[in-house]
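*Asks:* Protein chains in written order, with our numbering: chain A, 1 to 262; chain B, 1 to 386; chain C, 1 to 413.
In short, the hints are calculated from the structure, not lab data. Treat each hint with caution, since some may be false.
[As the list claims (entries may be wrong)] Partial selection, computed: residues in chain A whose CB lies under 8 Å from chain B:
hint	residue
1	37
2	69
3	82
4	84
5	85
6	119
7	120
8	123
9	125
10	209
Built from N, CA and C at the ideal position, the CB exists for glycine as well.
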Amino acid sequence: MIVAGVDVGSQTTKAVILGYGQGFGGFYSEAMKPTGIDVPEVSKMVIGEALEKVQLSFANVDKIVSTGYGRISIPFSTRTITEITCNAAGVHQLYPDVTLAIDVGGQDSKIIKMNSEGKVLQFAMNDKCAAGTGKFLEIAAQALEIPLDDLGKISLRSRRRITMSSICTVFAQTEIVSLIARRTDKEDIAAALHEAVANRIFGLINSVNPEAKARVVMTGGVARNIAVVKLLERMLGREILVPDNPQIVTALGAALMAENLD
Amino acid sequence: MEKTLAILKKIIEQPYSRAASWKMETGGKVIGCAPMYFPDEMVHAAGALPVALFGSNDAITLADMHLMTNACDQVRSTFDMLLKGKYDFLDGVAAICVCDQVRFFMEVWQLDHPFPFFHQMWRPYRMDSSTRPFLVSELKRLKSNLEIFTGIKITPEALCESIRIYNESRSLMRRLNELRRMRPGIMTAADMSKIIAASMLIPIEDHNKLMKELLFKVEKETSKGDERIKIVVAGHPCAIPNGLLLDLVEDLGLVIVDDDFFSGGRRFATDVVLNGDPFESLANYYMEAIPCTTSHFPGNWISEGKSYSPYGDYVIEMMKRGRADAVVLLRLMSCDPFDLEFVFLKKKLAERNIPYLTLFIDHSLGPLEPIRTRVQAFIETLKASR
Amino acid sequence: MGEETLKVNQRLEAQKRLGKLIQGHYSYAREVEKKKDQLIAWTTSGAPNEILWTMDFFVQFPEAYAATCGAKHAAHAHCVITETHGYERHLCTYCRNSLGSTLAEIEGKGAFDPLARPDFLLVANNSCILITKWWEHLSHYWKIPMINIDSPLIVPGMDQKEIVDHVKRQCMDLINFLEGFTGKKFDYDRLKEIVANGKRSAEGYREVLNANRHDPVPATFFDLIGHNFPNLVLRFKPEAEEHYKMMKAELEQRISDGIVPMPNMKYRLYWDGVPYWFAIRNLSEKLQSLGMCLVTSTYFEVFAFERLDPSRPLDSVAENTAMFYLNRSVNYKAEVTEKIFKDFHLDAGVFAYALSCKPFSISMHYIADTIQKKLSAPVTIIEGDLVDETFYDEERNNMKLQALAETLAAKKR
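Same shape as in the complex, but just chain A:
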């Protein structure tokens, strides 16, 4: 059986193809593209790209599960399942003993508490605010004129702790500009910004009352930011596991859910 999972995020769309012969050891393929405005089109393209990599076509696919904010716009999916359930499924597949998942993407932050079987017990999402998401870091990188990929590393070089007062992503830009005007080091500003993001995520984590000993995984684009991960590790008092490709986990979960559809 060949299944596909497609995760339509606000910035990028990801697809995973799973083929089952003997368990997971069949074949696996993935692809990712910027989402753009034509969700059905881009989803088709991403799935198509992943299929091509393993010399398959749409005709070979038995079931497709779509997830992410754009999931209902995909007419060819067999079922739509929320990214909460899919992320949990993907995390559980990769790390069976993890019971707390942190997923931070372009505009969304999600915290998922699950049981030892990967079933979702409780979840929390950011409400109408981009302050604890990738967006905040993107704006920060722009304002500081640092490439987004280097932002985390640069913030680790900070030597002086400053507090930023802006709660809001938009106002943070003004504050950054005025801090630069006062010759504050970019590393210090970057560190303060990372702290703000980590604080927001940490607040969300607390709202699901995490277990003291729960093992934690972080996924989503922001998991690539080493500074955010380190800060959260410090706040949680434990190690945070980050998969090699943190952005593909939800799509993987969607594919796994597709496999279980009757």
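Got chain A; can you put chains B and C on it based on the hints?
*Replies:* Below, chains B and C alone, put in the same frame as chain A:
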């Protein structure tokens, strides 16, 4: 049933048109009363028409110039409508100051946009035998003010009669609620909410008549094997919850069997038990009201290990009564009383293993997408745990 | 008096004395905690505290504690602890500082210079309704009883006697409860003595405030704010009255010697709201650089306690609580503000909007407008918070103060 239901729903589309026409027909006074526990019976006994100040779903454009932007939606929206002249037909406004926001904002309303009748009533935050006399004197002060304003004397008999009519309204609404609780799906939550809210916008006698017609038909309805998961909705936001939101929740696979909205369950939970003196009877009504996050319960804040939340107990009782499986909390942002209560409420729900979902329902709902995701994810969670 | 004859000296002897009084109070707290020979109560500014003092409680004030934490930049950390426990960020930061420090203490993490652990909680909802819920949470965390004195918002048309009777009935209940709780009988003679001390302290406080009617002032508003401590916390003892007597003498001496608290005093300003406890130095410097001298505020009215009358001890205590300044209508507050502007010959107003404090901030815009329209006095509204410095935008606030100074300069020409 469809016809009566349509009439009731139409009232919500034009909430104040009936009040405006009543005013023209009778020459009587219309008083805007905040939906939080205000004794509409008293206004009725003075020959005036009480209508609820609900706010609206329109964008808030003027209110923020005067007020704190982190005020709750209900207060901002109501003030906005006031500034836009939508309440100009009112002869007065009145409210019980249940929280700091209502307490302090109302004054600014009156200063900004004075009404001939303006009444802030104080319901003691702690209700027991030593504070009860003040509550009675507050009810009497309201009576005097209404008498002076309308020129109509409120005799004890008139007040008792008004109380009886409102009790009838409450019992009719209770019966409808009971039916929808026992037979999930015979009525959508959005429709239910509109039916109850309508009682606060037109003369109560007219609403009672419509309710009787509606009940006559609804009594015969049966639940058609509803597969959806039963839930209760709590949070008692002081506004009418958005019908689109309630519809979305029910379309996605949940069915709402009970609620504690001010324009819902809270409105008809208990009756004013008439016991000789109507003021004493009304005082008892307040003292025995169902728990609220805006009241203080002296005594048992000390408890070993377990969290104390009388409001939480009530929500759980409501859930059990409706044989529901979960709770959906509808919250407004920046609601001080609820936000403080929530710290213990969620502990209590966790202690009793009751699954719950929180939705922020500020009227500028924005795209429904995020709400759809949360509700769907919640349903997936509930199904997986069965 | 020409400018050349004025000497600048910001230091007040009263400040040193105040420091000792505060220090004494807090070290006494540590002792009582250790020796356990006195019951400890936490209370609010407007509660009928004379009753607690009469029953020999050692009384502490979480609101004052919050101000201290704010000034020492320790409040933000306490607030963050509450976020971990599920408290929303928009909630009053006095409350969150208090709950945060309580949680830190209970969880063994240690709070900043904490108050002594309480045995009893008293609260009056005459400052706001939220405070009662805040006290409910304290009662739950500390596992001790609390009593709320319901104090209605006073609106025109309400009968003062009804309100005071209502509060008095609850005071009688409180006395009954405390007799059971402490095992002691309530001593009405002691109450009378305490009320007499309080009256003298309140009179002294008022005289100190009135010293600033003089032009130039002997001290700025920021120099004076700490001095509500004796009237709030210690008025039951003669030390409070003594402090104010000496302070009044010192201020009068400064006036006759031509000593002023800052150079360049061009404009006399009004402050509205709770001071931003963590930003006092910032604001002082900025205001000084602009020649703006903060003279007085209705904030002082909160701590006036002028209804105490030893000829009717319990009644006057009930009245003090019932007629608390914060519980008055916005019209009343606007009138008091207007009167202050006139009595103190003020040129302009700085209104300090506090994001998390609804009672102070909600009517602020209206009062500012009233002052501007009725008195043609320029006003500005700056933004911040009581104790949480992450809500304070220095750039924008400084800009607003600058703009105010420019408006005043243009007016003078």
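*Asks:* Please go over all the hints and tell whether each is borne out by the structure.
*Replies:* Structure-based check of all given hints:
{"no.": "1", "hint": "37", "result": "violated, 15 Å"}
{"no.": "2", "hint": "69", "result": "holds, 6 Å"}
{"no.": "3", "hint": "82", "result": "holds, 4 Å"}
{"no.": "4", "hint": "84", "result": "holds, 4 Å"}
{"no.": "5", "hint": "85", "result": "holds, 4 Å"}
{"no.": "6", "hint": "119", "result": "holds, 5 Å"}
{"no.": "7", "hint": "120", "result": "holds, 5 Å"}
{"no.": "8", "hint": "123", "result": "holds, 6 Å"}
{"no.": "9", "hint": "125", "result": "holds, 6 Å"}
{"no.": "10", "hint": "209", "result": "holds, 7 Å"}
Violation of the numbered hints given earlier is confined to hint 1; every other hint is satisfied by the structure.
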